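Residue numbers (numbering that gives the first Met the number 0), protein chains in the order written: chain A, 0 to 224; chain B, 0 to 224; chain C, 0 to 224; chain D, 0 to 224; chain E, 0 to 224; chain F, 0 to 224; chain G, 0 to 224; chain H, 0 to 224.
Take these hints with a grain of salt, some might be off.
Here are some chain H residues pointing at chain A (derived, C-beta under 8 Å) [unchecked claim]: (1) V122; (2) G126; (3) L217.
Because the hints were derived from the structure by calculation, they are not lab data.
This one's a predicted model, so the numbers in the text were calculated from it and none came from an experiment.
Glycine is no exception: its CB is placed at the ideal position from the N, C-alpha and C atoms.
Number of protein chains: 8
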Amino acid sequence: MTDRDHTPDLRRQTRLGFDEAVFCAHKRTEQLVRIMDHAHRDQRSLLLTRLSPDQLAALPDSYRDSIDYDSLSRTGICGAHQMPGATPRIALVSAGTSDSAVAAEAVRTLQYYGEACHEIHDVGVAGIWRLLDRIEEIQPLPVVLAFAGMDAALPSVVAGLVPGVVIAVPVSTGYGVAAGGHAALNATLASCAPGLVVVNIDNGYGAACAALRTVKALDKVGAKP
Amino acid sequence: MTDRDHTPDLRRQTRLGFDEAVFCAHKRTEQLVRIMDHAHRDQRSLLLTRLSPDQLAALPDSYRDSIDYDSLSRTGICGAHQMPGATPRIALVSAGTSDSAVAAEAVRTLQYYGEACHEIHDVGVAGIWRLLDRIEEIQPLPVVLAFAGMDAALPSVVAGLVPGVVIAVPVSTGYGVAAGGHAALNATLASCAPGLVVVNIDNGYGAACAALRTVKALDKVGAKP
Amino acid sequence: MTDRDHTPDLRRQTRLGFDEAVFCAHKRTEQLVRIMDHAHRDQRSLLLTRLSPDQLAALPDSYRDSIDYDSLSRTGICGAHQMPGATPRIALVSAGTSDSAVAAEAVRTLQYYGEACHEIHDVGVAGIWRLLDRIEEIQPLPVVLAFAGMDAALPSVVAGLVPGVVIAVPVSTGYGVAAGGHAALNATLASCAPGLVVVNIDNGYGAACAALRTVKALDKVGAKP
Amino acid sequence: MTDRDHTPDLRRQTRLGFDEAVFCAHKRTEQLVRIMDHAHRDQRSLLLTRLSPDQLAALPDSYRDSIDYDSLSRTGICGAHQMPGATPRIALVSAGTSDSAVAAEAVRTLQYYGEACHEIHDVGVAGIWRLLDRIEEIQPLPVVLAFAGMDAALPSVVAGLVPGVVIAVPVSTGYGVAAGGHAALNATLASCAPGLVVVNIDNGYGAACAALRTVKALDKVGAKP
Amino acid sequence: MTDRDHTPDLRRQTRLGFDEAVFCAHKRTEQLVRIMDHAHRDQRSLLLTRLSPDQLAALPDSYRDSIDYDSLSRTGICGAHQMPGATPRIALVSAGTSDSAVAAEAVRTLQYYGEACHEIHDVGVAGIWRLLDRIEEIQPLPVVLAFAGMDAALPSVVAGLVPGVVIAVPVSTGYGVAAGGHAALNATLASCAPGLVVVNIDNGYGAACAALRTVKALDKVGAKP
Amino acid sequence: MTDRDHTPDLRRQTRLGFDEAVFCAHKRTEQLVRIMDHAHRDQRSLLLTRLSPDQLAALPDSYRDSIDYDSLSRTGICGAHQMPGATPRIALVSAGTSDSAVAAEAVRTLQYYGEACHEIHDVGVAGIWRLLDRIEEIQPLPVVLAFAGMDAALPSVVAGLVPGVVIAVPVSTGYGVAAGGHAALNATLASCAPGLVVVNIDNGYGAACAALRTVKALDKVGAKP
Amino acid sequence: MTDRDHTPDLRRQTRLGFDEAVFCAHKRTEQLVRIMDHAHRDQRSLLLTRLSPDQLAALPDSYRDSIDYDSLSRTGICGAHQMPGATPRIALVSAGTSDSAVAAEAVRTLQYYGEACHEIHDVGVAGIWRLLDRIEEIQPLPVVLAFAGMDAALPSVVAGLVPGVVIAVPVSTGYGVAAGGHAALNATLASCAPGLVVVNIDNGYGAACAALRTVKALDKVGAKP
Amino acid sequence: MTDRDHTPDLRRQTRLGFDEAVFCAHKRTEQLVRIMDHAHRDQRSLLLTRLSPDQLAALPDSYRDSIDYDSLSRTGICGAHQMPGATPRIALVSAGTSDSAVAAEAVRTLQYYGEACHEIHDVGVAGIWRLLDRIEEIQPLPVVLAFAGMDAALPSVVAGLVPGVVIAVPVSTGYGVAAGGHAALNATLASCAPGLVVVNIDNGYGAACAALRTVKALDKVGAKP
């Protein structure tokens, strides 16, 4: 089965403005090695998401050592990447400490693609003064990522208070009806705040990519003479 | 099938402190008539819930005319009932105009059992200043009923701000993932606000009964020498 | 129940940059009249969504006549609104004729808020050449709304081909597993295309608001000296 | 990522009458340590819920030793807490031995906040005489917590027999359609007993908080001259 | 399409001891007529279930007049059928008036096949004394059919009190989580009472057939010398 | 909105070997007229599926009269179509009379594309002798379409008995857990018979297209010298 | 928490004719020990179900040694129990080897209560001749337990062929849509075979109890003079 | 329980043209050994699917050594099997590296039954040029197996481009709404491409069997004089 292999989407950078990341969940060691071989051969950098500590440990030493690994977000970065700009254009708001792994995936993805972000954590609506105290830091930014599990009321409240693009990331924390993040997902999709957009449960990477699409559109406008 | 008939729970007043209401959905005209016959014979008052205009119209004239009917809440009241007290102990908060039918069922139920309530409507979290402007009216009351469809973020925010018993009533308004009220139900059950309790979707009657149980407990304490 | 009334979110324009629309589903005639009374008194324009022909017909003559009604999208517009700019910045792509009602809701919403859009219809993936033939019209635009029911493969394909913000709108057309749009919703949330964002099923209005948030962010950048 | 940290809701005691508990599931050791650092610095007591034996074991020795841990309920208490009153005002009823972990979470929460409770266990409806034998112990109390998994018929039967506030806690024990507690949840929400209220599956903590809200309202009435 | 026709299971009487009934839902007039033609030709009796008043009205006069129709149960009986025995061996218990249509389908089915049943109605667990008052009428019978919608606690309680075969029939009455009868179905399947068996939601016909299978087994034992 | 229009997939015949059908559900009269205008202009035949009697009645007279309409299957055929071959290569088996509308959609589709089929109806597994009596008619054919609602056991039994390609079509007939056809769908997907393939619930058209793909592959082999 | 203890249903033998079994899943060692202490003290026998090897191993030696443990069914029997009769009245049919653990739970339960059963295994409908070859062994018996996972077509086929009481036991074997046994459950509930009754997924114990209820009813008839 | 044993379907080769495979999930070592004993005794070859490394390791040495095991697909082959033909008639297309285990199950199954297949991997629609580049390799083949998880858009696109029988295999890779493969399954069932057929999630074996049924039908036609 020699050609049961991967076909990297090398033209993605040209089409979309950012290259392909490697979703590592469900991948076997030999598949990861083959992907890293190709990238190494072509001198491409790599963003690895959902890379478990066990998967990392199973890689050959030289490959493992070449990865800048973050255990909270389970992301690895190989090779050079862009430096984030000084002034963040993206705010990142989370409802609770339990959302931090998913939020970290977004932060690392933005970092890999050279975007800084302004983080505000643990400001869920059970004590809404925590958000209201800091809402003015968020209001001027063109993009906000809002992370919340359980009832996920935070993204609705944020989208009712700020004019930017608000991207909700439902998080799978919780138990009972909240288990798996479906209650959070449905709450954000059903939001009464106008224009809130949503990504898949726990998809910090996807939310970061959506933010990238927005700031790249801003860049084009800003670049016009 | 002469004994396919109803068995009224006549001892409920004694056990629970309030008598049985008649849930009219799915009942046929002859069943409603038989229930009204019994109540009339025993000189009992009746609260009829989920009574559709068509069901009302199909009743014999004398029975129809004896009913104080409210088309918004689809409730009917037959016979005398207690006068609500002057000072409400129960607050009723709703997120949007679309919740008014369910909220009205609660108001009518409380009215039938002699409880006033303080109503604040259309204060959903998409414009959270509307709730914050009026939160001080709610804070002193021992019981709050919070009605919301869609993402149902309102009950969580309320329960984070007031110390009383907060009873969430998810409402079936909405479309897509919100249709039927399951997103609202799950959001209230998964609430990060401590001690929020929940009743079935659209169950304004049940929420009112829970409020009654609470204020009757207060009455007992207040009555102690 | 004199204060069972609505509390318009009059500060929304200031906070978010666009005023509140009226979601008419589940509202009774008297509620719609009261909302129109308030708007008329304050000389505010109104966007009415999910307004059924029956609801329209039940309004008093003068109010009905003041509404610019579109039966496909079930939207009504009262009063003046902004003129769309000459050059669209928003593309609108739909998979099939059955998606046209939802797409029309987005078009009308954008029109009310003064945004033109470039529409391309009936280009679902069962005959993918239809999309590929026209992809170059979409690629330069900063925002794309992609409407699809059934398997909703179109938004994924679009988001893999263009660099802008792509907002998927799952549509409830279909039968069997597609009924209600949940298969379409899940397919867009699970998309393998990076950075695709999603709104609730049939939420043309919400998708338009998300597009507005994006183009308003572009306006701010463009307005900088 | 230095500010990916927690924002304790220090004003909760003032707003709600009881302070914030720490939900430990999904939290990492360093997050728990940071939370305990803050509490220690401020000389605040802490209630820790869903604290697994593994999480406990991973804490630094001094912190681990400062925790009064209960392995059945997976709760930890740090620091001083109020003494429960002599006469319980809260009854706790459970259907089976399998519900004991969730019931214990409620007992420990009430204990932390200084409330005694009267416990009656293993009285599910398969042998209903067990409940009927002891119903008179429950009837006088203003609040009842009813725990049940599987078909969760117990809370309905209790709410039909006693006048107090009855809070159902569906439990995730069971297999097949009962797995995860959704059958129990739906049975309690759909209860034909008037005014039964419900919390999330396995949410012993939340049920205790709801009971606290009720008894604190009683305290206020009782405290009036 | 001349052979798109029905293939009656004429050997069912021999195999199972009772002949085939006609499930009329989804059937068109011409299909019903063809089935009645065949039965008439062969001088077979017929039990028609789920026959709507509209379907009945659309039949040719002579066929319509030959049907003994019951509008509550939506059943029709054509031709002769056995006389029920004097002493019922089957008890039928229902939780509320709303269950009567489904219960009536069972009664009519039993009647068609010559079995009497002892009916006790409206004895749901919200007022459990109603059932306890009459439990001794049920205990001696070898088969009990228990009908309940909403939380369907009744069948569990019954199966915990009587030794016979208890067949639960979940009923689709109810709203919110109870709509469609799934909460009732799951509650009966998850019952903690040992040996409760269940049929599909609203399947009064099926429950009657299961009862028939049981009493026919009793007949065989009784018939042994 | 002049270009909110359809984009017919005119190259489908070349790519797939059969032209595009028109799925009429959710389409408005003006959309159907525009589609028929195009077909008429290009002298193309049309297969219209899910065309309701109301939609048919709303068409202009000349268009309505040009349609060969079948009310059972809700299909319309405009223009010439191929003559079915003399010897059917496709068997069509259905479990009950209630499946006939869906089966008829398949028959009409096959007829439009020039394929005969051998039909055997009402042979569900409750009386399995009906199928066993006729299994030898099915065994020699290379393709079998098996239609069943409720528990959909028929397709599994067929696929265990015949060597050809067996395509299961779950049907939405039934009530309770069978409502909507999901139980039937899952039963066919979970089939223990090897190689059974499945289409969407009620998708008679899709099953026929799958059969067409198979017989066209046979034609190619047969056409080889 | 000294009275967080169990309340054995000692009167069950009198009410139902068989004593209470101990469902061990979710029980802790100390709870199992306490239950065995009570039984030992009262000289009662015990049937333990869902007893995992780990739970068994954690018991004190003397208790572990007193248990007749069967690892396939995960059942333990302590103390004396009745001898099964020579001639089985209960047939047990299973679709595949994967159903054997659940079937074994039923066999062991019947054995504990003194009933023999006639077992026929691995006769699923993918090769229906296997069932047809042995159907005559099943037909004379008054009760049949039918075990099947996946599509669970077997119980429907059996109930169409034999006159006795047929109790379907859906089994949680399978993957994809079959995972967890819900497809099997729904297929058996939706069965087109008249009078098939169903128990919860994997509930071999419950099915055995239902069979016991039936044969005890037969015993009463047989015992009459 | 000596006859709790398996009943191999030895006539399957004759009926269907291919013999029975052994689905090893949920089987215990002694059951696997018994099945291998029988096969060895009868000198039959065996295809073992879903055989975990742990199950393999637990087999007696001689049996373990006789198995040609593939760890990616978790399949084992014992004994001789047919040689695949030189020219593949079956194409196998997969969307991503994560689908390779399921695809490998199909390849191994086809190999066991003597069919070659042409494999094209990692060509999901996020970079659709990868598929379009190679579509001409697929178009001439009579059968295509299309594997995809997540949104599973690939099978729809393929079925819109090629005339052969296209069999979709939804794969359970993914997280959030994609977890378990239900989003992928529903997307393929809801496909707008005509005649796409579907098997259960992760059912590589079943897809291969469906392909076998098709090529065997082709063989019969080709074999005709």
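Going through the hints against the structure:
The closest approach between the C-beta of V122(H) and any C-beta of chain A is roughly 6 Å, which is under the 8 Å cut-off, so the hint is satisfied. The interface hint given for G126(H) is met, as the beta carbon of that residue sits about 3 Å from the closest beta carbon of chain A, less than 8 Å. Interface restraint check for L217(H): the shortest CB-CB distance to chain A comes to about 24 Å, outside 8 Å, so the restraint is violated.
Hint 3 alone, counting from the list given before, is not met by this structure.
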